[in-house]
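Peer 1: Let chain Y serve as the given structure and place chain H on it in line with the hints.
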Amino acid sequence: MTTTTDVDFRTRLQDWIPKLVLSPSLAAMLVFVYGFIIYTVYLSFTDSKMLPSYDLVGMENYTKLFALSAWTTAIINLAIFATLYIVICTVIGLTLAVFLDQKIRGEGFLRPIYLYPMALSFIVTGTAWKWFLDPGIGLEHTMHLWGWESFSFNWIKDRDMAIYTVVIAAVWQTSGFVMAMFLAGLRGIDNEILKAAQIDGASNWQLYRRIVIPLLRPAFLSAFVILSHLAIKSYDLVIALTGGGPGRATELPATFMYSYTFTRNSMGIGAASAVIMLMTIAAIMVPYLYAELKEKGQ
Amino acid sequence: MTAATQDTAIRTGRITRTFIYLVLVLFALFYLLPFFVMLVNSLKPLSEITGGNMMALPQDWTIAPWASAWSTAQIGVEATGLKPFFLNSILMVAPAVIISTVLGALNGYVLTKWRFRGDTILFGLMLFACFIPFQIVLIPMARMLGLLGLAGSTPGLVLVHVVYGLGFTTLYFRNYYSAFPTELVRAAMIDGAGFFRIFWRIMLPSSGPIIVVSVIWQFTNIWNDFLFGASFADLDSMPMTVALNNLVNSSTGVKEYNVHFAGAILAALPTLFVYIVAGRYFVRGLMAGSVKG
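First to last, the sequence lines map onto chains Y and H. Under this note's numbering, the residue at position 214 of the first sequence is numbered 214, and the numbers go up by one with no gaps. Under this note's numbering, the residue at position 69 of the second sequence is numbered 1069, and the numbers go up by one with no gaps.
Among these hints, one or two may not hold up.
[What the hints assert, rightly or not] Quick list of in silico lysine to any residue cross-link-like pairs, SDA-like style, CA-CA up to 20 Å:
1) Y:K19 x H:E1256
2) Y:K130 x H:L1029
3) Y:K19 x H:R1115
4) Y:K130 x H:L1032
5) Y:K130 x H:E1256
6) Y:K103 x H:E1256
7) Y:K157 x H:K1255
[Unchecked claim] Far from chain Y, some chain H residues (derived; all Cβ distances over 12 Å):
8) A1064
9) W1066
10) G1076
11) I1090
12) A1142
13) V1242
FYI, nobody ran anything at the bench for these hints, they're computed from the structure. C-beta atoms are modelled at their ideal positions from N, C-alpha and C, and glycine is treated no differently.
Next comes chain Y alone, as it looks inside the complex (with noise of 0.2 Å):
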C-alpha cells in the first residue's frame, strides 16, 4: 500500500478481500432492507388485498387508511403510550441512577434487580402483567382479601384506561434499562467540577440542576432515541397483555399493520400504514444518526 512498485497480484487481490468481505452483507442489507422498503412502498399505491397486485391505485390506501378509526385509535394510542412511556421511563431511569450513584451500599445487589427485566420477552411480561392486573385474581383481589375492600383497579378490563395498562408493563421492562445509561453517564463525569463547585458553596440541588443534568445530555439523547424506537415497533407486549383490547382499545399502529395485512386482506392499507410508520421513526432517526457518523468522522 505504499509504493507502488509492488503492485503485484497478491498485494491487488489484498485490496480486493476487504470489499468482498464486506459484499454479502451489504448485499443482504441492499435487498432485505432498502429493497424491501421500495417493494413495501410500491404496494403502498396497488389495490394489493390478500395477495400483492401490481395494479396502482394512486393514494387511495393512504386516504382510506386516515379515514379508518381503527387507525385514529392506533395513532393517538400511540401518541399517549410513547408519551407516557419515554417521560415515565426517563424519570425512573435518571432518579435511581442518581440515587444509586451516592455510595449506596448493595448497589451491586440492587443493580441486576433493576436491569432483569429487560432480559425478558415482551410476551413473558405481558402473562405476567396480564394476570397480575387482572381484577379477578390479581391485585385488586389480593387487596380485597388483605381487607381493602373498597379498592379498585380494573384498567386492563377497562377501554378508557387499558392502554395505561401497557404503558406500566412496558416502563416496568425499560426503566432498568435507562437506569443503565444514566449511570454510566454520571460515573463518566469528573467529579473534580463537582467537587470546585461544593467549594464554591453550590448546594446538591444545584450541582445537579446546574451541572449534572447538563452533562448528562448524551445520555438523554441515546435514552430518548432509543425508547421512542421500542414505542412505534411495540407489538408483542400489546398482543401478550390485552391482544388489542378490550375491542379495539389498546391498539397501536404495529398491531393494526398485522392485522390488515394478514388477517384482514388489506395488504395494500397495511403496506401503507408500515410505510407511515417507516416515516415517523426516519423522522427521528436519520438526524441522530447523522449527527453521530459525522461526530465520529471528525
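Peer 2: Just chain H, lined up with the frame of chain Y:
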C-alpha cells in the same frame, strides 16, 4: 463500576439517605413483584390460585405445572408441551447468533482498518437498517422466503435474524475496533501479513469483551423475538415465544394459570441465565459503545 472513587463527590445528610434507600428498595420490590408472583403461583395447584391469594406461598407445593408446561400442555392442536418449541428456538438462535457475530466482526474490521471511499455512507445505511420498524419488511420477506423455499422453516428464520441483526453487530464491532491501535495493523501489513491473518492473530485475540456484547445482544433479541416467529414460522419451526403466547391465549378449557406461569418462566430462563452469567459485561460494553460514542 467497582471502584468507589468513581462515585459522585456529593455528600448527603442522614434524612436524605434514608429517603434514598427507601425509594431504591421500593423500586426493587416493584421490579421483583411480578416475577415473584409468577414463580410462587407456578408451584401451586390451580385451586389455590383461583381461590386464594396470589402473594401467599403455596400450601401444597407442586412441580406438576412445570412438568405439564414442559411436556404435556396443549399448544395449538397437539398436547406436546413447550419442549419441541424450546428446541426450535435453540436451533434457530445458535446459528443466527454465530453467523451474525462473525459477519459483524469482519464488517467492523473492514470498516475501521481497511477503509475505502464511501465507507461511512455504507455504515450509515447499515446503521439505519437497525432501526427500521420490521413491519416495513414483513410482506416482501414472506414472499422472499417462499421464493427461496425457506417459508415456515428454521433456516428461513435464521436468515431473517441474521439479516436484521447484522446492523447491530457491525455497529458494535466497528465502535470497538475504531479504538484499536491502527499502527499495530499497519506494522503487521508491512511484515507481509494478509487480511485474514491480521484479523485472526491481532484483532480477534483482543475482541473478547465486544464478542460478549454482540452474542448477548443477539441471543436476547432473537430468543425474545415474537413478530418474525409469528409471521414466518409454521408448527414445526415455531419458536418458544410464539408457542408460549398460544399456550396462554388458547381459549379451550380451563385456564391453567400455574401452567402458564411455569411456561413463561421456562421461556425466560435462557435469557435470564445469560444475563445473570454475563450481564455485567453486557451493560458495560453497551454503555461504552452507545453513550461515549
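Peer 1: The structure should be examined with respect to each hint, and the outcome stated for every one.
Peer 2: Hints, verified against the model:
Pair hint Y:K19 plus H:E1256 does not hold up; C-alpha atoms about 55 Å apart against a cutoff of 20 Å. Distance restraint check for Y:K130 and H:L1029: the Cα-Cα separation of roughly 18 Å lies within the 20 Å cut-off, and the hinted pair is therefore satisfied. A C-alpha spacing of about 10 Å is found between Y:K19 and H:R1115, which places the hinted pair at or below 20 Å, so the restraint holds. For a cut-off of 20 Å, the pair hint linking Y:K130 to H:L1032 stands: about 16 Å separates their Cα positions.
Taking the CA atoms of Y:K130 and H:E1256, the gap is about 14 Å. The hint holds against a cut of 20 Å. For the given pair, Y:K103 sits about 45 Å from H:E1256 by alpha-carbon distance, which is inconsistent with the 20 Å threshold. Simply put, Y:K157 and H:K1255 have alpha-carbon atoms about 18 Å apart, close enough for the 20 Å limit, and the pair holds. Every beta carbon of chain Y lies more than 12 Å from that of H:A1064, the smallest distance being close to 19 Å; the non-interface claim holds.
A cut-off of 12 Å between C-beta atoms confirms that H:W1066 is not in contact with chain Y; the least separation is 15 Å. The non-interface label for H:G1076 is consistent with chain Y: the shortest C-beta to C-beta separation is roughly 16 Å, beyond 12 Å. For H:I1090, the non-interface assignment is confirmed: its Cβ lies about 15 Å from the closest Cβ of chain Y, beyond the 12 Å cut-off. Interface exclusion of H:A1142 from chain Y breaks down, the closest Cβ pair being 9 Å apart, not more than 12 Å.
The non-interface label for H:V1242 is inconsistent with chain Y: the shortest C-beta to C-beta separation is roughly 8 Å, within 12 Å.
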